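K.L.:
Letter by letter, the chains look like this.
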Amino acid sequence: MKEMICITCPKGCHLQVDETTLTVRGNGCPRGVVYAQNEMTDPKRTVTSTVAISGSFLARCPVRTTAPVPKGKMKELVALLKEHTLVSPVKTGDVVIKNVFGCGADVIVTRDM
Amino acid sequence: MRDLIIIGGGPAGLAAAYAAYEKGVRDILIIERDAKLGGILNQCIHNGFGLHRFGEELSGPEYAGRYIAMLKDTGVEVYSDTMVLELRPDRTVCAVSAARGYVELQAKAIVLAMGCRERTRGAISIPGKRPSGVFTAGAAQRYLNMEGWLCGKRVVILGSGDIGLIMARRMTLEGAKVLACVEVMPYSGGLNRNIVQCLHDFDIPLYLSHTVTDIRGDKRLTGVTVMKVDDRRMPIPGTEMDFDCDTLLLSVGLIPENELTRQAGITISKTNGPVVFDNMETSLPGVFACGNVVHVHDLVDFVSEEAARAGSAAADRIFGKLPGESAVSVLTGNAVSYTVPQYIRDSENEKAVSVSFRVNKVMENVTIEVQGKEKTLCSYKRAHMAPGEMEKIVIPRVLLKNETAVTVAIKE
Numbered sequence: 001m002k003e004m005i006c007i008t009c010p011k012g013c014h015l016q017v018d019e020t021t022l023t024v025r026g027n028g029c030p031r032g033v034v035y036a037q038n039e040m041t042d043p044k045r046t047v048t049s050t051v052a053i054s055g056s057f058l059a060r061c062p063v064r065t066t067a068p069v070p071k072g073k074m075k076e077l078v079a080l081l082k083e084h085t086l087v088s089p090v091k092t093g094d095v096v097i098k099n100v101f102g103c104g105a106d107v108i109v110t111r112d113m
Numbered sequence: 114m115r116d117l118i119i120i121g122g123g124p125a126g127l128a129a130a131y132a133a134y135e136k137g138v139r140d141i142l143i144i145e146r147d148a149k150l151g152g153i154l155n156q157c158i159h160n161g162f163g164l165h166r167f168g169e170e171l172s173g174p175e176y177a178g179r180y181i182a183m184l185k186d187t188g189v190e191v192y193s194d195t196m197v198l199e200l201r202p203d204r205t206v207c208a209v210s211a212a213r214g215y216v217e218l219q220a221k222a223i224v225l226a227m228g229c230r231e232r233t234r235g236a237i238s239i240p241g242k243r244p245s246g247v248f249t250a251g252a253a254q255r256y257l258n259m260e261g262w263l264c265g266k267r268v269v270i271l272g273s274g275d276i277g278l279i280m281a282r283r284m285t286l287e288g289a290k291v292l293a294c295v296e297v298m299p300y301s302g303g304l305n306r307n308i309v310q311c312l313h314d315f316d317i318p319l320y321l322s323h324t325v326t327d328i329r330g331d332k333r334l335t336g337v338t339v340m341k342v343d344d345r346r347m348p349i350p351g352t353e354m355d356f357d358c359d360t361l362l363l364s365v366g367l368i369p370e371n372e373l374t375r376q377a378g379i380t381i382s383k384t385n386g387p388v389v390f391d392n393m394e395t396s397l398p399g400v401f402a403c404g405n406v407v408h409v410h411d412l413v414d415f416v417s418e419e420a421a422r423a424g425s426a427a428a429d430r431i432f433g434k435l436p437g438e439s440a441v442s443v444l445t446g447n448a449v450s451y452t453v454p455q456y457i458r459d460s461e462n463e464k465a466v467s468v469s470f471r472v473n474k475v476m477e478n479v480t481i482e483v484q485g486k487e488k489t490l491c492s493y494k495r496a497h498m499a500p501g502e503m504e505k506i507v508i509p510r511v512l513l514k515n516e517t518a519v520t521v522a523i524k525e
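The listed protein sequences derive, respectively, from chains A and B.
Under the working numbering, read the first sequence as residues 1 to 113, first letter to last.
Under the working numbering, read the second sequence as residues 114 to 525, first letter to last.
Bear in mind the hints are in silico, worked out from the structure with no lab data behind them.
Do not take every clue at face value.
[To be verified] Straight-line distance between alpha carbons at most 27 Å, and here's what the computed DSS-like set of lysine-lysine pairs gives:
no., chain 1, residue 1, chain 2, residue 2
1, B, K341, B, K474
2, B, K474, B, K505
3, B, K524, A, K11
4, A, K44, A, K98
5, B, K221, B, K242
6, B, K434, B, K474
7, B, K266, B, K341
8, B, K474, A, K11
9, A, K71, A, K2
10, B, K494, B, K383
11, A, K2, B, K505
12, B, K242, B, K185
13, B, K383, B, K474
14, A, K71, A, K82
15, B, K185, A, K91
16, B, K136, B, K434
17, B, K149, A, K82
18, B, K136, A, K73
19, A, K75, B, K266
20, B, K221, A, K75
21, A, K44, B, K290
22, A, K11, B, K505
23, B, K149, A, K91
24, B, K266, A, K82
25, A, K71, B, K290
26, A, K11, A, K44
27, B, K266, A, K71
28, A, K82, B, K474
29, B, K494, A, K11
30, B, K185, A, K11
31, A, K73, B, K290
32, B, K383, A, K2
Since we're looking at a predicted model, the values are computed, not measured.
Between the sequences and the hints, there should be enough to build the whole structure, so can you do that?
P.N.:
Next comes the structure, spelled out in structure tokens:
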């Protein structure tokens with residue numbers, strides 16, 4: 001039995017996962033099961049960071065991935081963002097990097113600037 | 114005379130404005146100290162906002178953006194870059210800005226939505242030298258996420274509140290080395306999910322029951338000493354650990370920002386925020402308060418909910434719908450550190466009233482009881498409770514009919 005805390009939402013359910021059958025207990029909602037099973041096989045995280053922007057009222061524009069990306073790729077992704085500079089105006093939802101690392105998630109702008 | 118003035122354009126102020134607009138108020142002014150609306154959400158670029166309110170996981174700026182978009186075309190007026198200097202008991206707001214100079218504006222209703230601010234080194238009296246390199250976590254967050262400055266390379270974080278945890282991850286991803294997160298209490302003050310995804314994910318050690326006892330460095334910080342503390346939070350000799358670091362971040366609590374509230378003579382509670390009725394009205398009729406200015410929340414979604422209540426009640430006041438006279442006091446019992454609201458008045462429209470509170474210790478498998486004069490009125494089971502997690506219960510108003518005071522207590 002592996003103990004873990006679900007990070008899907010701020011509630012933070014205490015989960016118990018069976019290592020062989022991947023049966024999950026302690027989850028408050030179905031997303032807990034998905035989280036625990038992914039965490040055992042292929043842990044992923046949503047990455048949030050900033051990208052340089054020119055011509056706006058601030059130097060940095062906030063961005064995030066539209067879906068979780070492999071946990072091991074987080075630092076690589078933040079390093080990759082340093083190569084990009086946006087030009088104002090940008091809108092929330094504008095795509096900065098499409099299908100990053102080929103993992104199905106886009107990096108999008110999260111503030112109108 | 115204006116109808117409604119809202120002091121603060123962060124999440125609380127935005128949601129209060131929207132709720133008042135929805136109820137028919139058309140003359141609404143938001144006064145904001147910063148250049149843009151959105152408040153602290155603008156620097157909270159991490160995700161996790163909006164699951165309750167919008168059913169999806171947004172970043173802070175996105176969450177603020179939703180409300181800013183909702184206010185578009187409503188005619189809600191905004192004075193940005195404007196500092197409120199004084200609130201008078203007759204609901205006059207005195208404010209100053211470069212664009213408009215000094216102005217005095219009176220309103221039929223006021224909503225206080227000033228939020229909170231961080232406790233600083235001075236507030237917790239850390240001994241040692243006074244070099245540069247000691248920041249509050251929120252200041253470092255603003256520098257990094259909005260202005261693009263990473264404030265250090267080798268970092269120790271004192272306090273395990275959510276902002277400190279979020280900054281541990283953020284600075285690590287940007288290339289800094291976070292050596293430790295140090296918490297004086299035997300439990301973390303932050304959300305469990307943040308311990309996992311901000312510390313465990315990056316192998317950052319969390320030292321519970323430890324604190325910083327010395328700060329070294331002449332110009333820039335060169336190191337700190339961390340010691341274990343006993344159950345009275347006194348450092349234990351012989352447990353010294355030295356960290357070579359150039360940065361110390363403080364995430365040691367937030368204090369509701371109530372200078373204006375005090376000036377107006379409004380009663381303050383033990384949350385350091387104003388005492389409020391269930392419709393978020395303060396002790397000064399026509400003045401309402403919501404969000405972190407009342408009590409520090411964990412989730413912005415609940416700030417919005419509380420602020421909508423305040424905005425809606427302000428609208429009622431403006432249209433002459435006054436609340437009932439008699440009020441039931443809400444008192445704190447075993448293990449409960451405070452409640453919001455502190456008073457509940459009669460309401461014809463609402464069948465139930467929600468009460469928020471925090472407990473003062475970590476507990477498993479307990480029952481929350483609402484006790485009346487003679488018996489327990491209602492109870493709620495909880496598998497896990499902790500001071501870092503705000504609790505909310507919904508009490509049917511019919512149960513309060515014959516009571517003058519009720520006590521919220523935890524049965525262990």
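K.L.:
The structure should be examined with respect to each hint, and the outcome stated for every one.
P.N.:
Hint check:
For a cut-off of 27 Å, the pair hint linking K341 (chain B) to K474 (chain B) stands: about 20 Å separates their Cα positions. Restraint check for K474 (chain B) and K505 (chain B): satisfied, since their Cα atoms lie roughly 16 Å apart, inside the 27 Å limit. Only pairs whose Cα atoms come within 27 Å are accepted, and K524 (chain B) paired with K11 (chain A) is accepted, the gap being roughly 22 Å. Between K44 (chain A) and K98 (chain A) the alpha-carbon distance is near 18 Å, which keeps this suggested pair within the 27 Å criterion.
Distance check on the hinted pair: K221 (chain B) and K242 (chain B) sit about 50 Å apart at the alpha-carbon level, beyond 27 Å; violated. For the given pair, K434 (chain B) sits about 41 Å from K474 (chain B) by alpha-carbon distance, which is inconsistent with the 27 Å threshold. A hinted pair counts as satisfied when its Cα atoms are at most 27 Å apart, and K266 (chain B) with K341 (chain B) qualifies at roughly 25 Å. Proximity of K474 (chain B) to K11 (chain A) is assessed by CA-CA distance (about 17 Å); at most 27 Å being required, the pair is judged to hold.
A C-alpha spacing of about 19 Å is found between K71 (chain A) and K2 (chain A), which places the hinted pair at or below 27 Å, so the restraint holds. Distance check on the hinted pair: K494 (chain B) and K383 (chain B) sit about 26 Å apart at the alpha-carbon level, within 27 Å; holds. The suggested pairing of K2 (chain A) with K505 (chain B) is violated, with an alpha-carbon distance near 30 Å, which exceeds 27 Å. At most 27 Å may separate the alpha-carbon atoms for a hinted pair to count; K242 (chain B) and K185 (chain B) exceed this at roughly 50 Å.
Only pairs whose Cα atoms come within 27 Å are accepted, and K383 (chain B) paired with K474 (chain B) is accepted, the gap being roughly 17 Å. Restraint check: the Cα-Cα separation between K71 (chain A) and K82 (chain A) comes to about 19 Å, which is no more than 27 Å; the hinted pair holds. A distance of roughly 16 Å separates the Cα atoms of K185 (chain B) and K91 (chain A); the hinted pair therefore holds under the 27 Å criterion. Taking the CA atoms of K136 (chain B) and K434 (chain B), the gap is near 12 Å; set against the 27 Å cutoff, the hint holds.
Taken as a hint, the K149 (chain B) and K82 (chain A) pair is honoured in the structure, with Cα atoms around 26 Å apart against an allowance of 27 Å. With a CA separation close to 48 Å, the supplied pair K136 (chain B) and K73 (chain A) exceeds the 27 Å bound. Restraint check for K75 (chain A) and K266 (chain B): satisfied, since their Cα atoms lie roughly 16 Å apart, inside the 27 Å limit. Restraint check for K221 (chain B) and K75 (chain A): not satisfied, since their Cα atoms lie roughly 52 Å apart, outside the 27 Å limit.
A C-alpha spacing of about 22 Å is found between K44 (chain A) and K290 (chain B), which places the hinted pair at or below 27 Å, so the restraint holds. For the hint linking K11 (chain A) to K505 (chain B), the alpha-carbon distance of about 13 Å falls within 27 Å, and the restraint holds. Under the criterion of a C-alpha separation no larger than 27 Å, the hint pairing K149 (chain B) with K91 (chain A) is consistent with the structure, at around 16 Å. Among the hinted pairs, K266 (chain B) with K82 (chain A) is consistent with the structure: their alpha-carbon atoms are about 17 Å apart, no more than 27 Å.
Annotation: proposed proximity of K71 (chain A) to K290 (chain B) holds, straight-line Cα distance about 18 Å (limit 27 Å). For the proposed pair K11 (chain A) and K44 (chain A), the alpha carbon gap of about 19 Å is at most 27 Å, so the pair holds. With a C-alpha separation of about 22 Å, the suggested pair K266 (chain B) and K71 (chain A) falls inside the 27 Å cut-off, and the hint holds. Simply put, K82 (chain A) and K474 (chain B) have alpha-carbon atoms about 43 Å apart, too far for the 27 Å limit, and the pair is violated.
For the suggested pair K494 (chain B) and K11 (chain A), the alpha carbons sit about 16 Å apart, so the restraint of at most 27 Å is met. About 32 Å separates the Cα atoms of K185 (chain B) and K11 (chain A), which puts this hinted pair outside 27 Å; it is violated. Only pairs whose Cα atoms come within 27 Å are accepted, and K73 (chain A) paired with K290 (chain B) is accepted, the gap being roughly 18 Å. A threshold of 27 Å between alpha carbons decides the hint, and for K383 (chain B) with K2 (chain A) the separation of about 41 Å lies outside it, so the pair is violated.
Comparing the model with each numbered hint stated earlier shows that hints 5, 6, 11, 12, 18, 20, 28, 30 and 32 do not hold.
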